[in-house]
Every structure is written in C-alpha cells, then in structure tokens.
Amino acid sequence: MSFVISSVLGVIMLVSVLSLAAFHTWLERKQSAVIQDRIGANRAWIVLPWKWAAPVNWILGPINRLGLFHTIADAIKMFMKEDYIPPFGDRFLHTLAPTLSLTFALVGFAAIPFGDMLMIQGREYSLQVAPVNVALLYIFAMMSMGVYGVVLAGFSSNSNYSFLGGMRAASQMLAYEITLGATIVGIVLVYGSLDLQEVVRRQGQLIGGWIPMWGAVTQPLGLLLFMAAGFAETKRAPFDLPEGESEIVGYFTEYSSMKFGMFFFADFIETIMIACLVTTLFFGGWQIPYLLRDGFHFPWGAVVHIPYLWVGILGVLAFSAKMLFFCVFFMTVRWTFPRFRYDQLMDLGWKVIFPLAILNIFVTAVVLLWWR
Amino acid sequence: MSAPEVNDNNLMRIKTKVVSQPKLNTWQMLYLPELVRGFWITSWHFTRNMFFHVLHAVGLCNDVSAAVTVSYPEEKRATSPRLRTRHRLMQRPDGSTRCVACMMCETICPARCIYIVAEEHPDPNVEKRPASFNIDLGKCVYCGYCAEVCPEDAIRMDTQIQETSAYSREEMMLDMKELLDPRPDYSRKNLGKKGSVAMEPPKAAK
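Just so you know, the sequences run in chain order F and Y.
Just so we're aligned, residue 1 is where the first sequence starts under the working numbering, counting upward by one.
Just so we're aligned, residue 373 is where the second sequence starts under the working numbering, counting upward by one.
Everything labelled a hint here was simulated from the structure, so no lab data went into it.
Each hint should be verified, as a subset may be incorrect.
From the derived model, a few chain F residues whose C-beta atoms are all more than 10 Å from chain Y [as the list claims (entries may be wrong)]:
#1 His70
#2 Phe92
#3 Met145
#4 Ser256
Simulated DEER-style distance windows between Cβ atoms [what the hints assert, rightly or not]:
#5 F/Phe92 / Y/Thr388: 56 to 64 Å
#6 Y/Leu427 / F/Thr99: 43 to 51 Å
#7 F/Pro220 / Y/Glu447: 46 to 54 Å
#8 F/Asp343 / Y/Phe423: 39 to 47 Å
#9 Y/Glu520 / F/Tyr161: 46 to 54 Å
#10 F/Ser257 / Y/Val442: 45 to 53 Å
#11 F/Ala22 / Y/Val440: 27 to 35 Å
#12 Y/Trp412 / F/Ser246: 20 to 28 Å
#13 F/Gly10 / Y/Trp412: 54 to 62 Å
#14 F/Ser246 / Y/Glu520: 55 to 63 Å
#15 Y/Ser468 / F/Ser246: 40 to 48 Å
Please read these numbers as outputs of a predicted model, since none were measured by experiment.
Glycine included, each C-beta is placed from N, C-alpha and C at the ideal position.
Required output: the full structure, derived from the provided sequences and hints.
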C-alpha cells in the first residue's frame, strides 16, 4: 500500500514539475514581455479550417491569443532539429551530460513535502514522495550532483568555449553551494531537524501567539543569502555567467536539438526546486497561518472548523501558491538585474555572502543558546 | 578685401567632453537598496501593463496601450508622405500611362534597375510610349532620382508600400501593369505563377 501511495505521489509530482517547467517557458516569455512593455510571443496558432469545428476554435481562441501553443511549438522544434555531436567529442559523455543534469534536477523533488499527512484507511501517509528523515541533505546532495552534468558537457564537447563555460559553471556552482549549505545550517539550528516535513511542521508554531514562526521571520538574513546563492546555483540571471546566452554562450555551445532542450529544461526545473526550497524552509511550506488540523484558530480567539480533507487540500494549495509566487519572483529578478562580472561574482560569493552566512550561523547559535 | 581666415587649428581640434564615472556612494554600495529600486521599476511596469492588458481583454480602456508593440503585418506604423517607397506609374485620364518613354529615369538610375522599351504612340500629339516598363526591386536603391528627373511626373515613389520580398529574383521584377496599379502583396500573389512578368531584362551587351 505504501509503495502504491508513493508511486502515485511520485507520478503526480513528476507530471506537475514537468508541466510547470514547460509552463515556465511561456511564463518567462510573457512576463519579460509585459515588464518590457511588449506583447510577447503570440503567433503559434492552431485554427481548424472546417466549419463544424467552430466551437473547437472558440475554445482554442484564448489559448491562441495568449501564445500558450508556443510551448508545444518549442518542444516540436527541439525534437525536429538535427542532433549534432561534435566529431572529436566524446559521444557517450556528450549524451550522458544533459541526462545527468535533468535527472539530478528532477530527483530532488522526491523529498519536498507538498502537503500535510494524508489519512487513508486509518494510516497516515506523509504527502512527500520519499519521506526520508535527512531530506535536506538528500536534496542538497542531488543539487550538487548537477554540476557533473555541466562539467561533462563542457568536457565532452571538444570545444574551448564549452570547456571554459563548463569551468566557469563548475567554480561558480561550487562557490555558491557552500554558501547555500551554510545558510541552511541556521534553519537546521532553529527547527532542529533535517526532515523537511518536520521543519515545515515546526514553522506552524506561533511567536507570541500572533506571528507564525516561518523561516523568513526567524532567519531573515538566511533568506536573503539563500536566495542569492540559489540564483547562482541555478545559473540564472544575475548570475548567468556559465550560459550568458546573448554573448559568451557556455558549456552547451556544442549542444543542439533536444539535448540542448534538456539543459534548458533542467535550468527551469532547478529554479522550481529553489522556489520549492525557499517555500519549504522560509515560508512555512504547506502551512497556512493559524490553520491547525481541525480548522483555523485565530489569535483573537475565533475558531473556524474545517473538515480534515479540506485542511489537507488547503495545505497543498498553499504550497503551490507560495511556490508559484517564488517562480514568478525569480523570473522578475531575472528580468530586472544585469549580469555580474565574473570577478564580482566570485568576490560576492567568497567575500560577502559566505562570511555573512557564517555570521548568520554564529548569531543564530548564540541567540538560541540565550533563549534556552 | 581679405578672405576670412581659415584657422587650421580650430578646424582640426577634436572637441572632447570628459564624462567622469560617478562614484557610488555608501547607499549604492550597499547594493540592496538599489536592488529594491530596480525591482520597483520592473514590478511597476509589470503591474501597470498587466492591469491594462486585463482591461483590454474585457474591452475597456482601449485607448490606453499596454505595450509599445506594433503587430507588424496586421498593423503598420504611419509613414511620412515624403518617404520614398515603392514606385508607381501615373495614369492619364484614360488609364494609360503618362510615361513618354524619354528614358530619363533609365539613364539617371544609379542602380540601373529600370528597363524601358519604347514604341510609337498611336496619338500623333504624343511621340512615344513605353511598350514595357520594368523595375527590378532587387536592384533598386530607392534613391528617388527617377521620380525627380521625370519631365512628365509619370513616376512617383509614394505608394507607402515598403515590403519588397519574394521567393525568387524574377518575382522582384515589377512590370508596367503592376506599376500602374501597385498592390502591396504583389510577389506573393504571383508566387508559383511563371510568366507573370511581361519581359525579361535585356542582357547586358558583351
């Protein structure tokens, strides 16, 4: 039974993450367009030519006008293009690299709790594909494996541009991964667990009966550093030096067709991952303020009872809403800030963010000692 | 009477303006406030444009634009009437061309894209008329000399048609019929129809 439940949860998670990543390509185009006073891609139309298909066309109309079919057009384009492997590159590694990137980007989601417990036939199942008690370590392990895909891509292409891009990516990801790990220590200190479900549950406590004890409240500096390091880790603007699509290209110079598409996709999936992590660690995951298992218990004494099933559904919805908000937020960041120079990037990573993360650990530890 | 003195020094001196790079103050060095400021700008643009996009979708506030985009083939930006665009041949009241085949335009054309074959005009008051009048848009540089040099005001470049694209060199050729009645999508309508052009350009003499 537990196997069936986790398989079902796994499929749900995989499908939603993949479709969200596909949706991201649309969101990215449209959001950047609206920010820059443009309209954005809206020319991929599907219109049936027959008269009897008028109702179908009526339904397709808004999808056409919003340009949603561009995601499908993109996918078709990616698959139809020539898949070229450079003649002196390593065939095997060249194919392996995007697969690694995508796989390690995807497997991390297994440990993200997207809801509270689910009661089936008197047994409780955690809404988490793999309820492991070291979920945090597991996710970070998988995220750090992602660098292999990047380095292999640069290495196996037999191109100097790719190789340098791979090196840039590797040193950037290593530098910021340390910071990412260091910022998490603060969270682990405050909530005393590596189990993400447990971390989320403890964020449901209230400080002084009013303020929910979310990570953003207890670790504001940690949140800032985590997001900065997260952007760098996912190789997105303003830290997109490994790619630098418009001028320096990078580790996927020699990639074409769907293999390039996989890197592209892995990028979006990693962004969703960081959004999930920010939600889970700093914004209470599936928690809704004052919502307990049997309904809302407001600090001014009012109580609204809600059926158990609805509490669970509300939790999942809350998680999705928060996560989507951060996806949009990260995209806005991308379309707002210019890229760093490489030395600025390294300076920021090693001389600013990392010491601040250490300071954050120190202060958190001292404050915790003081209080207990 | 002395000629005004030309000072070589003054002519040759390159005027330079030194733009000093502004020093960042502490507030800007902190980086975070500036991040917030940048974020404010993009978020404001997003919110404002999104607000009007939604209003447009329900049919309100159509006079306020939410984007500067001109959806090109459907909408076009207004062009100045002075703009030199695709040629047209002016007509006499009876619909025939005003051109008298004087070869002025063909002579002055720096790109040599005009090919005229003259013939006798049936009316004894008019000396000649073009048997064929072709313009190769693939060669034309839109200098407007042809329109300026014409003694009969028979050729003008004021159709406001700027699209010159075709799938072959032959389709870039405008014949007299097309020039007398310019259509914007000339080449596309003739796509695949061979022999739509009245005459081949004469081969260059060897």
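Quick rundown of the hints versus the structure:
Consistency note on F/His70: stated as away from chain Y, and its beta-carbon is indeed over 10 Å from all of that chain's, at 15 Å minimum. Under the 10 Å C-beta cut-off, the non-interface status given to F/Phe92 relative to chain Y holds; the minimum distance is some 43 Å. Listed as outside the interface, F/Met145 is consistent with that label: its C-beta sits roughly 31 Å from the nearest C-beta of chain Y, beyond the 10 Å cut-off. Under the 10 Å C-beta cut-off, the non-interface status given to F/Ser256 relative to chain Y holds; the minimum distance is some 27 Å.
Hint check: F/Phe92 to Y/Thr388, Cβ distance near 58 Å, so the stated range 56 to 64 Å holds. Distance hint check: the CB atoms of Y/Leu427 and F/Thr99 are about 46 Å apart, consistent with the given range 43 to 51 Å. For F/Pro220 and Y/Glu447, the hinted distance range of 46 to 54 Å is satisfied, since their beta carbons lie about 48 Å from each other. Take F/Asp343 and Y/Phe423: their Cβ atoms lie about 41 Å apart, and the range 39 to 47 Å holds.
Between Y/Glu520 and F/Tyr161, the C-beta spacing of about 52 Å keeps the proposed range 46 to 54 Å intact. One distance hint, 45 to 53 Å for the beta-carbon pair F/Ser257 and Y/Val442, is violated here, with the actual separation near 34 Å. Here the CB-CB span from F/Ala22 to Y/Val440 is close to 29 Å, well matched to the stated 27 to 35 Å. Judged by the Cβ atoms, the range 20 to 28 Å given for Y/Trp412 and F/Ser246 holds: they are separated by roughly 25 Å.
The hinted window of 54 to 62 Å between F/Gly10 and Y/Trp412 is violated, with their beta carbons roughly 41 Å apart. Judged by the Cβ atoms, the range 55 to 63 Å given for F/Ser246 and Y/Glu520 is violated: they are separated by roughly 43 Å. Checked against the given bound of 40 to 48 Å, the beta carbons of Y/Ser468 and F/Ser246, roughly 56 Å apart, lie outside it.
Against the hints set out earlier in the document, violations occur for numbers 10, 13, 14 and 15.
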